Structure formats: structure tokens, C-alpha cells
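Undergrad: One-letter residues, chain by chain:
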Amino acid sequence: MKAKCPAIVSVGRTKFGEHYEVEPEKLVEEAGLAALDSVGIEREDLGACHFSDYFLPITNKIGLEEGFLSELLELNIPMEITRSFSSALSSACNGIQAGKYDLVLVGGMEKMTDRWDKIRDDLMLLEDPWSYYAGCTPEANHELMLRAYIRKYGIKGRQLDILSTALAECSVKSHKSAMKNEYAQFHKEISIDTILRARTRSRRPLGLFDFAPISDGASALILTDSELAGSYTDKPVSVLGYSNATDYITFPSRNSLTGFLATELAMKKALREAAIKIGDISILQLYDQSTMMGMVSLEDLGLCEKGKAWKEIHDSFKADHDYLEVGERNVFVNVNGGLKADGNPLGATGGAEIFEVFQQLRNEAGERQIKSDSELEHGCVHEVEGFGTKAYICILGRN
Amino acid sequence: MSSEPIERRVAYIGDRLRGSSCTSCGKEYFKPRDYCGTCGRESLGRMKDIDFFYEEGTLEVCTLINDPTNKFTRLSPYIYGIVSFHNGKVRFPGRLTDHMANDEDSRFTDFEGRKVVPRFRRRHAAEPSGIVPTISLAFSLADEYYPHQEYKISEPSKEYEKPGIVGYGVYTSRFRIREGTMERSIPFLDEDSITAAVEAGKIALVHSGVDHESICKVYVGSESNPYAVKPIAAKVAQVLKLGEECQEEGVQCVDAIDTEFACKAATSMFKDAASLVYYPGFEQLNTLVIGADNSQSAPRGEPGGELDLFVGYGGGAFIFGKYDVIAQFEGWISITSDTPDFWRRDTQAYPSHGGRFTGEPAYFKHVTKAVRKLMDHLKLTPGDVDYFVAHQPNAAFPARVAANLGFKEEQYLPGLRVSNFGNTYSGCSPIGLAAILDVANPDERIIVGSYGSGAGSDAYSFITTTQLINKRKRQRFTINYQADNRFLTHVDYATYRRLKDGMQAA
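Those protein sequences? They're chains A and B, same order as listed. The first sequence: position 348 = 348 (the working numbering), numbered continuously. Adding 1000 to a residue's 1-based position in the second sequence gives its number in the working numbering.
Treat the hints as calculated values from the structure; they're not laboratory data. If you're wondering where the values come from, they're calculated on a predicted model, not measured in any experiment. Hints are supplied without guarantee of correctness; some may be wrong.
Heads up, simulated DSS-like pairs for lysine-lysine below, C-alpha to C-alpha not over 25 Å straight-line [unchecked claim]:
| hint | chain 1 | residue 1 | chain 2 | residue 2 |
| --- | --- | --- | --- | --- |
| 1 | A | 269 | A | 4 |
| 2 | A | 156 | B | 1071 |
| 3 | B | 1027 | A | 152 |
| 4 | B | 1115 | A | 118 |
Covered by chain A, per the in silico footprint, the following chain B stretches (three or more residues, Cβ under 8 Å) [to be verified]:
| hint | segment |
| --- | --- |
| 5 | 1072–1084 |
| 6 | 1171–1184 |
Partial selection, computed: residues in chain B whose CB lies under 7 Å from chain A [unchecked claim]:
| hint | residue |
| --- | --- |
| 7 | 1069 |
| 8 | 1095 |
| 9 | 1141 |
| 10 | 1378 |
| 11 | 1379 |
Each residue gets a CB set at the ideal place from its N, CA and C atoms; glycine is no exception.
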């Protein structure tokens, strides 16, 4: 029996940012209802729910999320909790493919600002404890990888200035893109100068504007199989390939200090599963927890040559393209502003990435809709847990 | 909140930087493991224990941390990076210690590629009621103040008739405050009396060349243990792997005890340590005595604040044995009286002392009596003595007591080092003795007169041997090296108090 193909029929999300007065449950409700309502699905039709969050047990002392969801949905269906949204989606896809469920709600949320004074310590849970004991911070590994990158490829002088500028350009572009994203955490353009000044002020290789923020937010989608999808929408988006790969938790112990093996492996596997080539992808949501991570991931995904992504970034920016020119192809990257400007409420982030690709592929992104010569066929969603410890790739296709 | 099981496990691995290497393929791991990831099943039972405690590493890449996680705020800003060992065979995370990251460190990339040495330090801040977390994932630059010293165990060659000192080590930090003619060693933020004790012991092992397994008992004298209850000596025994290690249980076959008698807590144990190695029927045993203090003093201007002019930081460690002795015992005398010249009640942050009474009826009476009695017993005149060391709470007291006893400047000045390091309490007269062992010749007589408030004095006579010269090349961290070093960092009074407060919020 051929496995069924999972398809997304609707998506929903909240604005990302600081939701000071909102209970976590309310955010989940908002995102979930948006997804359910847009295709008129009744809660009773749901076969299962896969939900993701990293820190609710810590930030909000919610340890048995399923119970809260059961109350919220007034349902007693099977539910599972994972960390990342991509992970929840993977589990949901497995269920659909196996024919176990017809309709699955996938959701994710995070309420990081509820623990403003301790959230950076909490984030260290995603690193190995020895790095924490040695004094690591959530930002430090990004900077160490950048240093290793610079040393490995012998980048210095003017070239180093270009690399440094290219990273700032990523951030500028993210903020610019987010201007058209009503859900984005930031609606403020920033200049290269601002980014460079923040680095100088911090006296570090990366500054405030090189990193994704701390955010609250929720996202959701409804998954079914491609045959049933037609009864909900004319324009379902299929999950053509999804995979993940893992790597050591201890960054310093990994073989490569200048890239993420997990991303590389996951991408190869997902492309194979989707039976497409990397050149077929025209829209990419990159997990840019930092500008450095975004840059290196372009190489790991196979879009840029190792050690050279910064040049391509810089050239595209200089030419004022809203896409990245890779060889003959143009790839639209993080048109929603990416993690940097859209926000990064960990458990919900992947949902927002899928939200964007879903809307773009359906030509429903409004002001943000990509203007491309040919119709968009394939999109790729990249999500990472920890500092490259686990990477997810999801390849989405129209129809 | 401290978690006892986690602290136990982290300290067991992290304090010593324990790891494993595969005897099949040579792959190395930080943290012990039972099989090699590459060789798989084949390697079961073929993994070798290694550790990186005495090794030299390279700081591969680094960055500046000036926005640390909560328990590291008092250390900020600091350099953090990746350290590799054995030509990149194994890498782990590390923090640069003994370094105040100031504005110049915008060029922190200059540190990349530099050689570093692991240092045993406090890990991060903890609740005042909690366990003191420690780790050796702190590193200092090998080409600066603290040099890398290889630990080479040498077979015992010559047995001596009388036991004595077989090796010694002194540790004082690179941070100093200079006021008038007095310079004092002050702890870095992650240092305390425990870390000084371990450091001094480590240097003593390197100098002596004795097998750490041969140490049967360790004594740590201190009056500034961060714990009211819990021995420093247990930490020293585990980190330095003293005595035979029983790996299954994770215990060391060694006795370990803390002693306290103000500034003579360590010297008091010299004779006990020496007697133990002399115990009939036991062969090739060694003992280790460490005096280490990071003593408290009230801020200047507050009651008890006068101590703040003299208090230093550091430790001295002496290994006693019967083989390859560098200085043999000739005799000893101790005297004691109940003289309350200096004290600190439990739970009090700072000690109190008896003002002018600390001199005449306390220090002078006890030191003079003990040394005179020893010299009478050994039928010695000052002319028979090459060097004299007295406890040195300041520069004036030991000079006066030496003169009273009839010693000349050339006999007591080489061992008078309080102006370099301050009063290191339990480490004080041991540091004076080490300063003499650094420069003495064979067949010379050294008299030590320690003093501990409360009060008492231990007087010892040692005769040096030719081994002193043989072992000297293994002592890179000499007293002169530590006293006069271009990498010393001098700080002002406010910084000194901040460093002294350490990682706990003041």
C-alpha cells in the first residue's frame, strides 16, 4: 500500500512579540481557532492533536499540556507534546501517512517573556550542561562558530569587512520584509549602522541585532491527507518530504565547527523523499536564530558553496534583490522577516515558517506576495532545535 | 538549590577533567565512557582512563561574554571559547580565568591559538547555604603568570634514615594590591581557600615527583574554609587523586582531615605527617600537609578592619616521606596556651582580634619560647642556623622576633615574604619555608617558628640534602617567580574588595 501524502489545509497564528496580559491558553486558542475557522472544521472531526512547546513547564508551570488542550478543545482525543513545531508536524505526518488519522491539529506555542529574568538561563537547557558550567550563553556558540568560520576560510581584511556587512545585511533585509508582515514582532526598519554599532557596543562579533528576539506567540495548522484535502480547500499544500537529523549536543566536540551536519543530512533526506532537486525550491524559510546561523545554514542546505554564502548574500543585497541569487535560480528567503524580525517563540516558530510558505504557495500573502516570473511550486522550511543539535526540513508543494 | 547527586558527579568528572581514550583507534573523549563511538562493540573493555588535569591545551576560538547567564554575572565580562587538547584530538568548552576582560579585549581574537592550562576553580555562584560548585573548565594562559608544569612520577631512589620534606608547592594568585611597601596576593573571583589548597598540592606533586597514589593522608590547615562543616581535604584528595583510586565506588584510599589553629593549622601537622611515614611496617608512604587561606577581614574603617591591611591569599603544600628527602627533620617543639588574641565566632563574617595584645603576650612570647626551647634541646646557637623563618602577620613582628632570638638579617630575610603576598595565615610560615627551600644549599639548617592565635607555636629544625638541588629544576613556580612577575595584575582597593567577595553577591 502506498503511503498517503499529508496535506495542509489551513494555518493560523498569533502576532509574535510580548503578550504581557495574555494567558498561554488564550494564545493557543487564537491560533487554533484561526486554523479551524478558515476551513470551517468542527473540533469533533479532529482525530488527534500534536502540540509543541519547549518551556511551558518552566515558564508557566504547565507540565501536562495535553490536559490544558483537552479543556480548551473540549476533546478527549490522543495528544502528544514535542519541542519544536516541525517535530509536532512530523508526528502528525506519520499518523496521516499510516492512515491512522484523517484530520490532525498541529499547534505550537511559547510564552518566553513570562520569565524574562531567567529565560536566557532556561535556554541553556538546549545546550550541554558542561558548556553551561564553563560559562556559555545562548549567544556564545553562534559567535564561536563565526570565529571558527573566519579562521577556517582565512577571511581577513576587506573580505572580513564584507562578511561582517553581509551578516548585517541579513538583519536589515529581515526587518524590511517584516514591515509587510502584520504578525511580525518588529515593524521597524534598521540600518546597517545600527547593527554595527550594537556590535561595537557589545564588543563582540555579533550584537543585539544579529540575534532573534525572545518572543511569545502561537501557531497552528490542520493536516489531512491529499485525497481528503479537496473537501476542505481548493488549494491544499502537500508535505512532499519531511525529515530530521541529529548531532552531538556538545558543540565543541563536533567534527565540524563551521556548519550544522544535522541540517545537511536532513535536507538531503527530505529532497530525496520529495523527489525534487534543490533548484526546484523557490521559497525558503531559514531558521536564522542569528545572522550567522542563517548564513551557515545556506551552505548546509546546499544552496551556497561552503565558505562563500556571505558573498552571495552581499551581492544579492547590493543588487537590491528581494531574493537570493543562487546560480541560475532565485530563492526567496525569509520573506516574513525570519526569526530575526517575525519573532522566535520557540515552540511556535516552525508553525510561522510553514504559515508563510503556505500563504505564498497559495498566492495569499497579500502585500508580501512574492513577485516571481513563474508560479511558486516548492517551498522549504528549515527548523533547528538547540545549536544545530537537531534539524528539521519540510518540503511543501502546491497541490 | 544545590543538587547533591549532580554536584557529586559534575565535580568527580569536571574537577579533574576525566576522559577516556580508545586503545584501538586512539580517539579521545572528555568524560569517561565505556566504549568508543567509532569502534563500537569492539572497544568494550578497551577504553583507557585519561584526564587533562596536568595537560596543556590550546584556546582554538573564543568570544567575549558580557551578558552571561544569571549565575555568572559576577564573573562578567570574561572570555569563553573552545579548548583543544592533544593536537585537536579532543575539544571542550572553557572559560578564561585569572583575567579581567577590560576594554582592550575588543581584540579578544588575539587569545585564539594561545596555550592554556586547566585550573581548578569555583564554577559559578551558588546559594550561601548550598554546595560550593567547582570545575576545572577554567583555563589560564600558559605563557603568563601560571606556567604549564608536567607531572612526571619518578621511582623513589634513596631512602633516608629520618623522614622529611620530599617536595613542596606554593600557590599565590596573580592579582595583587600594593599599599605602601606591602603587596598582597588576592583571590580572583572564582578562587577560595579550597582552590588554593588544590593548586598548592598540585604544584607540590609536580615538584616532588612522588606518585599521587603513594599519599596515605592529607591534612589541610585553614581558618577560611567556605564550609563550617565539610572538609577541604576531601576535595583535595579527590581532585589530586591521592591514594589508590577505587573507581567502581569512586573513592580514594587515603585519609583526609582538616585542621584549624589560626595560622599554625598546617605547621602543627608537619610532625604528625612525618611520623606517619615513619610508622614501622609501612613502606614508601607519603603524606601531604597543606596550609591555605583566603581569610576574612572587615572593610577598612569598620571594627576589625585593621586586618584588611595585611590579609593575603594563598597556600603552601609540603609532601613528607622517607625517600628522596630534600630536607630532613632534626627536631620539633610545640607550645600552647589559652590566649584569646584573635577569634571568629561561628556565623560571624569577620574575625575580631585583641589589638596590641596580639604582639607581646601572644606572638612574641609563644614564638620565642618554642624556638628557644627547640634550640636548647638540639644544643644550637644562632650561629649554627643557616635560615630562620617565623610566622609573618606583618613585616615587623618576624624581624623583631628574629632579632630577639639572635638571628641576623641574612638568616631571616630570605624567608620573610609577607611584603610580597600579605599574611596568608595557615599558608604563611609554610610560604616562608618554601622561599628558603627555593634558594638553600645542601646540608643547611632551617629553623621554622610558626604561630597560631589562640595561641601556640610550632618550632622545627630541618637539614637540607643534595636532593634539594636535584629536584629544583622541577620547581618552576618559585616564590621569587611569584613575587616578581611581569604578569602580576595590580588592582585598586575597590577592585580588591570586589575580588575578595568573589562570586557571591556582596
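Undergrad: Are the hints correct? Go through all of them and say.
TA: Hint check results:
| no. | hint | in the structure |
| --- | --- | --- |
| 1 | A/269 with A/4 | holds, 18 Å |
| 2 | A/156 with B/1071 | violated, 36 Å |
| 3 | B/1027 with A/152 | holds, 22 Å |
| 4 | B/1115 with A/118 | violated, 34 Å |
| 5 | 1072–1084 | holds (count 8) |
| 6 | 1171–1184 | violated (count 0) |
| 7 | 1069 | holds, 5 Å |
| 8 | 1095 | holds, 4 Å |
| 9 | 1141 | violated, 16 Å |
| 10 | 1378 | violated, 52 Å |
| 11 | 1379 | violated, 58 Å |
When the structure is compared with the earlier hints, violations turn up for hints 2, 4, 6, 9, 10, 11 and for no others.
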